[in-house]
Amino acid sequence: MADKRTTEDEVVAALSDGMTIAVGGWGSRRKPMSLVRAIARSGLRDLTIVSYGGPDVGMLCAARKVKRVVYAFVSLDTIPLEPHFRAARQSGAIEDEPLDEGLMLLGLQAAAWRVPFLPTRVGLGSDLFRDNPKLKTVTSPYDDGEELVAMPALELDAALIHQNRSDERGNGQFLGPDMYFDDLMVQAAPTGRRFMSVERIVDTNDMAKEGSHHTQRISRMSIDGVIEAPNGAHFTSCVPDYGRDEAFQKEYAASAKTPEAWDAFKTAWIDVSETDYQSRLRARS
Amino acid sequence: MTTTATRADVCAVAVAEAFRGDGEILANPIGTIPMVGGRLARASFEPDLCMTDGEAALIGNDSSYELSAEEKIYEYSNPYRSMFDWVWSGRRHVMMGATQVDQYGNQNIAAIGDYAQPRTMLLGYRGAPGNTINDTTSYWVPNHSPQVVCAKVDTVCGIGYDRAAELGEQAARFHEIRRVVTNLCVIDFETPDHRARIRSVHPGATVDEVQAATGFELVIPDDVPESRVPTDEELRLLYTVIDPEGRRETEVPS
Numbered sequence: 001m002a003d004k005r006t007t008e009d010e011v012v013a014a015l016s017d018g019m020t021i022a023v024g025g026w027g028s029r030r031k032p033m034s035l036v037r038a039i040a041r042s043g044l045r046d047l048t049i050v051s052y053g054g055p056d057v058g059m060l061c062a063a064r065k066v067k068r069v070v071y072a073f074v075s076l077d078t079i080p081l082e083p084h085f086r087a088a089r090q091s092g093a094i095e096d097e098p099l100d101e102g103l104m105l106l107g108l109q110a111a112a113w114r115v116p117f118l119p120t121r122v123g124l125g126s127d128l129f130r131d132n133p134k135l136k137t138v139t140s141p142y143d144d145g146e147e148l149v150a151m152p153a154l155e156l157d158a159a160l161i162h163q164n165r166s167d168e169r170g171n172g173q174f175l176g177p178d179m180y181f182d183d184l185m186v187q188a189a190p191t192g193r194r195f196m197s198v199e200r201i202v203d204t205n206d207m208a209k210e211g212s213h214h215t216q217r218i219s220r221m222s223i224d225g226v227i228e229a230p231n232g233a234h235f236t237s238c239v240p241d242y243g244r245d246e247a248f249q250k251e252y253a254a255s256a257k258t259p260e261a262w263d264a265f266k267t268a269w270i271d272v273s274e275t276d277y278q279s280r281l282r283a284r285s
Numbered sequence: 001m002t003t004t005a006t007r008a009d010v011c012a013v014a015v016a017e018a019f020r021g022d023g024e025i026l027a028n029p030i031g032t033i034p035m036v037g038g039r040l041a042r043a044s045f046e047p048d049l050c051m052t053d054g055e056a057a058l059i060g061n062d063s064s065y066e067l068s069a070e071e072k073i074y075e076y077s078n079p080y081r082s083m084f085d086w087v088w089s090g091r092r093h094v095m096m097g098a099t100q101v102d103q104y105g106n107q108n109i110a111a112i113g114d115y116a117q118p119r120t121m122l123l124g125y126r127g128a129p130g131n132t133i134n135d136t137t138s139y140w141v142p143n144h145s146p147q148v149v150c151a152k153v154d155t156v157c158g159i160g161y162d163r164a165a166e167l168g169e170q171a172a173r174f175h176e177i178r179r180v181v182t183n184l185c186v187i188d189f190e191t192p193d194h195r196a197r198i199r200s201v202h203p204g205a206t207v208d209e210v211q212a213a214t215g216f217e218l219v220i221p222d223d224v225p226e227s228r229v230p231t232d233e234e235l236r237l238l239y240t241v242i243d244p245e246g247r248r249e250t251e252v253p254s
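Taken in sequence, the protein lines are chains A and B.
Take 1 as the starting number for the first sequence in my numbering and just add one per residue.
Take 1 as the starting number for the second sequence in my numbering and just add one per residue.
Honestly, the hints are just simulated from the structure, not real lab data.
Think of the CB as a built atom: it goes at the ideal place given N, C-alpha and C, for glycine as much as any other residue.
Heads up, some of the hints might be wrong.
What follows is a set of in silico ranges between Cβ atoms, one per label pair, in the way DEER data are often shown [stated by the list, open to error]:
| id | chain 1 | residue 1 | chain 2 | residue 2 | range |
| --- | --- | --- | --- | --- | --- |
| 1 | A | P230 | B | Q170 | 47 to 55 Å |
| 2 | B | S254 | A | D17 | 52 to 60 Å |
| 3 | A | E246 | B | E226 | 48 to 56 Å |
25 Å max Cα-Cα, derived SDA-like pairs, lysine to any residue [as the list claims (entries may be wrong)]:
| id | chain 1 | residue 1 | chain 2 | residue 2 |
| --- | --- | --- | --- | --- |
| 4 | A | K136 | B | W88 |
| 5 | A | K250 | B | G97 |
| 6 | A | K250 | A | Y277 |
| 7 | B | K72 | B | T52 |
| 8 | A | K257 | A | G92 |
| 9 | B | K152 | A | L281 |
| 10 | A | K67 | B | R119 |
| 11 | B | K152 | A | D131 |
| 12 | A | K266 | A | Y277 |
| 13 | A | K134 | B | I112 |
| 14 | B | K152 | A | K67 |
| 15 | A | K250 | B | G31 |
| 16 | A | K136 | B | A172 |
| 17 | B | K72 | A | Y277 |
| 18 | A | K250 | A | L281 |
| 19 | A | K67 | A | D3 |
| 20 | A | K257 | A | R86 |
| 21 | B | K72 | B | R91 |
Please put together the full structure from these sequences, using the hints given.
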C-alpha cells in the first residue's frame, strides 16, 4: 500500500523548466500556495500556468517563473484585478492564452478523457479567435452540419491542488462549498506529477467523520504525492478551515506598486521555508 | 416609508424589469444593484426565478446580502461545474458588468487597448463568450460615459448583434442581448438592425444627457418614456427586506 506523503521541495524537484502546470482552486480560493511559494523561490523558469487564476498566477509572474498563462480570468476576488498579473501583461513580460471559463473546463476534460477536443458553441463570434490562435472550429458530421468550436485538450505536465483532508494514499476531501475544477486537473495530468497539498492527513477510516462521503471527490488513482500543509492555502480562503487573510492579501497586492516593494515582500514571505513562513504568520497575529 | 424613489431604486426596478417573463430559469445578476434588482423581480412579479447565493448554491432568500449557512434557504448545490450545465442548456439569464459595451451590445471585460500588450489589463474573457452564445444576457453600467457605452469595444468578450449576424441564424439562435441598464437610462436593441435604442430614461435624467454620455448615436424614439418608479410594495421590499442598509446607494449615489 503506497504512502504518498511528500514535501514541497520534492514536488519542485519533480518539475522542470518549460512545463505546463495546472493549479487548482478559483480566484483567491483554496490555492495550493505552499507549493506556489516553493516554485516561486525555486530555480524553475519558463512555466506555462493553467489556472482559474488568482495569486498563484500573480505571484509566479512577479517571481519571473512564467512564460505563458492559460486562463479565463485572474482575480483576487475582494481585489478584482490581480496587480502582479496586470503588470506582467501590460509590460509584455508574459505570453497570453485566453479562454472562456467553460472552454477551460472542456480543455481539461478532453485531456482527461484522452480525446483531441470537445465540441461546444462557446467562443463563436468572440475575439477569442483573434487572441488565441490555437482555437479552431469543427463542422458537425450529422445532418445539422453546425459549425462548433473544437476546444483542444489542455495537455498538462503536472497538476497542483489543495484539499481540506486526505489520507496518506491520496484520497482527497473538500469540505467547502465548491470543488472548483481540482478533480479534472489531476485527472488531466500525467501519472507521476499529480500533487495534492492538504490541511490535514487523516486515516482513511476517519474521512467520513470529517464530512459526508460526497465530499470525497479526489481518488488516489489520480494522485501521486500528498503534502501535509496546514494553513497551506494561506492567504487564499480554505473554508471551513479558514477564510481569506484579507489584510495579508492587501499587503501582497500593494507589493506590485514598486520593484522595491516586491523585493521586500519576496524576502519576507517567499524566500523562506514553509515552516518559517507559518511561524512568521503566527508571530504577526 | 420614503415617498420618493432614489435613482438607485429606479435602477433596481429597471434591473428587475429585465428579468420579467423569464419564468423558471437561473436569473444571475452580478453586482450590487443587479443582485438587488434580481431579488426584487423574484420577490414580486417573477416568483419562479432561481437565484444564487453569489457562491455555490441556489437559495430562496429575498435578502441580497451575504448570508450565513444557517440563514440560507438552500434549493440546490450549484458549484461552478453546475453553472455550466445551466448556461449551456439555455436556462440562464445573466446580467454582467461591462468595462465597454457598444452600439450592438458587444461587451469587453478583458483588456483596454491593444490586446497583445494592453494599456490596461482587466479580468480576462471570464464566461462572456459562453454566456452570450448560449443564453439571454444583459449588462449593468453604473457609470454611463462615452468611454463605457462606446462606439466600438477594444476586445469582444460577450458578442453583440453584429457578430451574431455574421455567425448566421443557426449558430446564433440562442443569442439575445436584452437590456443595458445604466445609472441614467435603459437601453435595448429592439430596432430593425439591432442598434442600441433608448428604451427609457430615469426620472431626473434627460435624453440629451444620455446621448452626451454615449460614444455613439443612440436610436431615439419620438417619445422616450421615463423609467418606471417602484410601487409602494416594491419600495417596502427594497427598504425592509432586500437591501435595508441601502447598499445600492453606494453604487449609484443619489
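Practice task
Verify the proposed pairing of K257 of chain A with R86 of chain A, using a straight-line Cα cut of 25 Å.
Solution key: 11 Å, holds
Problem - 25 Å limit on alpha-carbon distance, applied to hinted pair K67 of chain A and R119 of chain B - result: The given pair, whose Cα atoms are some 20 Å apart, holds under the 25 Å limit.
Problem - 25 Å limit on alpha-carbon distance, applied to hinted pair K152 of chain B and K67 of chain A - result: Roughly 31 Å between the alpha carbons, so the hint for K152 of chain B and K67 of chain A is violated.
Exercise for the section: Starting from the hint 52 to 60 Å, judge whether the C-beta atoms of S254 of chain B and D17 of chain A obey it. Expected result: At 57 Å between Cβs, range holds.
Handout entry: Given pair status - Y277 of chain A, K72 of chain B, alpha carbons within 25 Å
Key = Violated, at about 36 Å.
Exercise for the section: Mind checking the alpha carbons of K152 of chain B and L281 of chain A for me, to see if they're no more than 25 Å apart? Expected result: 48 Å, violated
Exercise for the section: Please work out if K136 of chain A and W88 of chain B have their alpha carbons no farther apart than 25 Å. Expected result: Answer holds: K136 of chain A to W88 of chain B is near 19 Å, not above 25 Å.
Practice task
For the pair we were handed, K136 of chain A and A172 of chain B, check the Cα-Cα distance against 25 Å.
Solution key: 18 Å, holds
Handout entry: Holds or violated: K250 of chain A to L281 of chain A, with C-alpha atoms at most 25 Å apart
Key = With a Cα-Cα distance of about 15 Å, the restraint between K250 of chain A and L281 of chain A holds, given a limit of 25 Å.
Exercise for the section: Decide if the proposed pair is consistent with the structure: K134 of chain A and I112 of chain B, CA atoms, cutoff 25 Å inclusive. Expected result: 22 Å, holds
Practice task
Quickly compare the C-alpha distance for K250 of chain A and G31 of chain B to 25 Å and report which way the hint goes.
Solution key: Cα-Cα ~22 Å, so holds.
Problem - Pair hint outcome, K67 of chain A versus D3 of chain A [Cα-Cα no greater than 25 Å] - result: 34 Å, violated
Going down the numbered hints, you'll see the structure goes against 3, 9, 14, 17, 19, while the others check out.
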